[in-house]
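J.: Put chain B on the given structure of chain A with help from the hints.
2 protein chains.
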Amino acid sequence: MASQVNVLGIGNAIVDVLARVDDAFLAEIGADKRSMTLIDEERAVEVYERMGPAVEMSGGSVANTIAGLAGLGGRAAFIGRVADDQLGRIFIHDLQSLGASIRLPPFNGGAPTARSHILITPDGQRTMQTYLGACAELGVQDVNERTMGDPEVVLLEGYAWDIPEGPALASEAMKVAERNGSVVALSLSDALCVDRHRDAYLDALTRHAGMVFGNESEMMALFDAATFEEAVERTSDHDALFVMTRTEKGCVVAQGSEIIVQDAYPVDEVVDATGAGDAHTAAFLHQLAIGGSLKEGAVFASRCATAVISQVGGRLDQHALANLPDP
Amino acid sequence: MASQVNVLGIGNAIVDVLARVDDAFLAEIGADKRSMTLIDEERAVEVYERMGPAVEMSGGSVANTIAGLAGLGGRAAFIGRVADDQLGRIFIHDLQSLGASIRLPPFNGGAPTARSHILITPDGQRTMQTYLGACAELGVQDVNERTMGDPEVVLLEGYAWDIPEGPALASEAMKVAERNGSVVALSLSDALCVDRHRDAYLDALTRHAGMVFGNESEMMALFDAATFEEAVERTSDHDALFVMTRTEKGCVVAQGSEIIVQDAYPVDEVVDATGAGDAHTAAFLHQLAIGGSLKEGAVFASRCATAVISQVGGRLDQHALANLPDP
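Which chain is which? The protein sequence lines are A and B, in order.
Throughout the first sequence, residue numbering follows numbering that gives the first Met the number 0, covering 0 to 326 in sequence.
Throughout the second sequence, residue numbering follows numbering that gives the first Met the number 0, covering 0 to 326 in sequence.
Just chain A, same shape as in the assembly (with noise of 0.2 Å):
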């Protein structure tokens, strides 16, 4: 079918609030560098308020991913929510200029718009401070066969899994991905929320998932694995196809005995790391979603991820895509 939407991304629709910090403002606010924490809105507006001037543009993993997709000309959707203020429109204007599919409206009366404020540091790395607000609100009614479809892929994020309809709304996406015929693809988020959520995840890397996107420390902790070699070991226990990123060290794709190694890129400086992991998967999917083998999935996402850290913010937008470093 022509028009089938490739990949559908549920999880948080986030506007990202970017500015640059040093190492000892981490240490102030007592936030650990290269983490993503939960905070509450007075919390917000506390690391908000010792923040500097910040940047702000629409966000959220898998979202990223969607937009990341949307933009190489694949068909994506989105099912995430927003309030209907500001950001709230911002973040949809973001996704739809692109072409995608935007699956919920905005929400009247409850909290606002979700916001990370993300850290940078002068390495280029980020420390996430997130605000959930509205998409706290995300339901089991939010998903069903009218918000989804029928897409080819079904792209769920670990972080769905910490808000509190999360392990319900996972369980009836996954139910309704699998009559439809879509591929369950499961991207983890971040090592510590694989902690959180590890058992979950399992389960349903087993009875759902044929995709799984990670990196290096978020695998060794879903297999509670002493080293990354020991992690790319145990995906052989299952049929799903695992995309594990390795920062400087590039990636690897794995499925059965079937092992890819790729290398990144070189890249001058790293500016800013968010959305690297993101657009690595965006890639990937584009790739495989036109017919692409995984070998050439795995270059094509490792060029895309390059460009995204060469530049600030976490979207694979125009501007990362005229720079791709050459293949």
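Worth flagging that the hints you see were computed from the coordinates, not collected in a lab.
Hints are supplied without guarantee of correctness; some may be wrong.
Cβ-Cβ distance ranges computed for the label pairs, FRET-style [unchecked claim]: (1) 44(B) / 22(A): 52 to 60 Å; (2) 292(B) / 23(A): 30 to 38 Å; (3) 45(B) / 140(A): 32 to 40 Å; (4) 202(B) / 103(A): 53 to 61 Å; (5) 95(A) / 145(B): 43 to 51 Å; (6) 246(B) / 295(A): 41 to 49 Å; (7) 149(B) / 103(A): 52 to 60 Å; (8) 48(A) / 45(B): 41 to 49 Å; (9) 42(A) / 194(B): 49 to 57 Å; (10) 140(A) / 322(B): 46 to 54 Å; (11) 27(B) / 122(A): 52 to 60 Å.
From the three backbone atoms N, C-alpha and C, an ideal C-beta is built for every residue, glycine too.
T.: What follows is chain B alone, placed relative to chain A:
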């Protein structure tokens, strides 16, 4: 007085919505390249819907200058009107977090906070479609002894004359400034704006202004001069100090018979021309405030302008200051 504010700016409080576009897009929406067009809310919605994904950051011409000054360590203050909405809170945060004093609280019950759709073409030039929103509600009652205090310099932007009470509030602000011994400085904003308000600007120049900041085309428009050289000649008819920017040709600083010609610093790539003039003004005023000479002001201003056009966004921020060209 050690705590005296160096520069109080009065102008539009705008959040910039920046997106990369091609020249064809400008033609499609009927925008003249490099122009600033005032648009109503309906047109703002239309332009935004047709634009691709964007990045949001605080802007406004004189507000950019005030942010730049505060970032350089100067004592800066700002009078401008935002609504009590998410974009308004972003605008206020970004100035306050630099240490600038905000003189008006956000406003309830009126138009939303202003936004300028800044369309950046591949040559780094910017075309602006600006919805003034809450800015248009700035009124005569907002400028008085209490809100203005007694800064060394009161910097008014030419755009202020475009709002309904603009001419009256500018006149009032200049009177308050004179009573308090503040130097009145006028930033010319853009050549079409000068065309709209030439007589008012010439009157302000003759009766009040001690400094005028403008680019080549603005200065030519002000004096109805056929060439830049003619405009420079005409400055000697006035007592004011003139700081005139010429993009890649550098700048000319003139006061009476004293004329300083300053070359521009080389730039690898013009990424985004937004804010170059505002940064130039900030750097120049800061040098003067710390006791620098006109020549030192011209040199530092040129370095800061170069740093701002080498990045996306119109503010002379921490990143731009870390990337100043060598003097």
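J.: Using the C-beta atoms of residue 42(A) and residue 194(B), is the stated range 49 to 57 Å upheld?
T.: 50 Å, holds
J.: Given the range 52 to 60 Å, decide if the beta-carbon distance of residue 44(B) to residue 22(A) lies inside it.
T.: Hint violated: Cβ distance 42 Å, outside 52 to 60 Å.
J.: So does residue 95(A) sit 43 to 51 Å from residue 145(B), Cβ to Cβ?
T.: 45 Å Cβ-Cβ, so the 43 to 51 Å window holds.
J.: Do residue 140(A) and residue 322(B) keep their Cβ atoms within the hinted range of 46 to 54 Å?
T.: 50 Å, holds
J.: Taking the beta carbons of residue 292(B) and residue 23(A), is their distance inside 30 to 38 Å?
T.: Distance hint for residue 292(B), residue 23(A) holds at roughly 35 Å.
J.: Does the Cβ-Cβ separation between residue 27(B) and residue 122(A) fall within 52 to 60 Å?
T.: 41 Å, violated
J.: Kindly confirm whether 32 to 40 Å is satisfied by the beta carbon distance between residue 45(B) and residue 140(A).
T.: For residue 45(B) and residue 140(A) the Cβ distance comes to about 33 Å; the hint holds.
J.: Does the Cβ pair residue 202(B), residue 103(A) satisfy 53 to 61 Å?
T.: Holds, at about 55 Å.
J.: Does the beta carbon distance between residue 246(B) and residue 295(A) stay inside 41 to 49 Å, or does it fall outside?
T.: Check passed, 45 Å falls within 41 to 49 Å.
J.: Check the following: the C-beta atoms of residue 149(B) and residue 103(A) are separated by a distance inside 52 to 60 Å.
T.: Holds, at about 53 Å.
J.: Cβ-Cβ distance between residue 48(A) and residue 45(B): within 41 to 49 Å?
T.: 35 Å, violated
Violation of the numbered hints given earlier is confined to hints 1, 8, 11; the remaining hints are satisfied by the structure.
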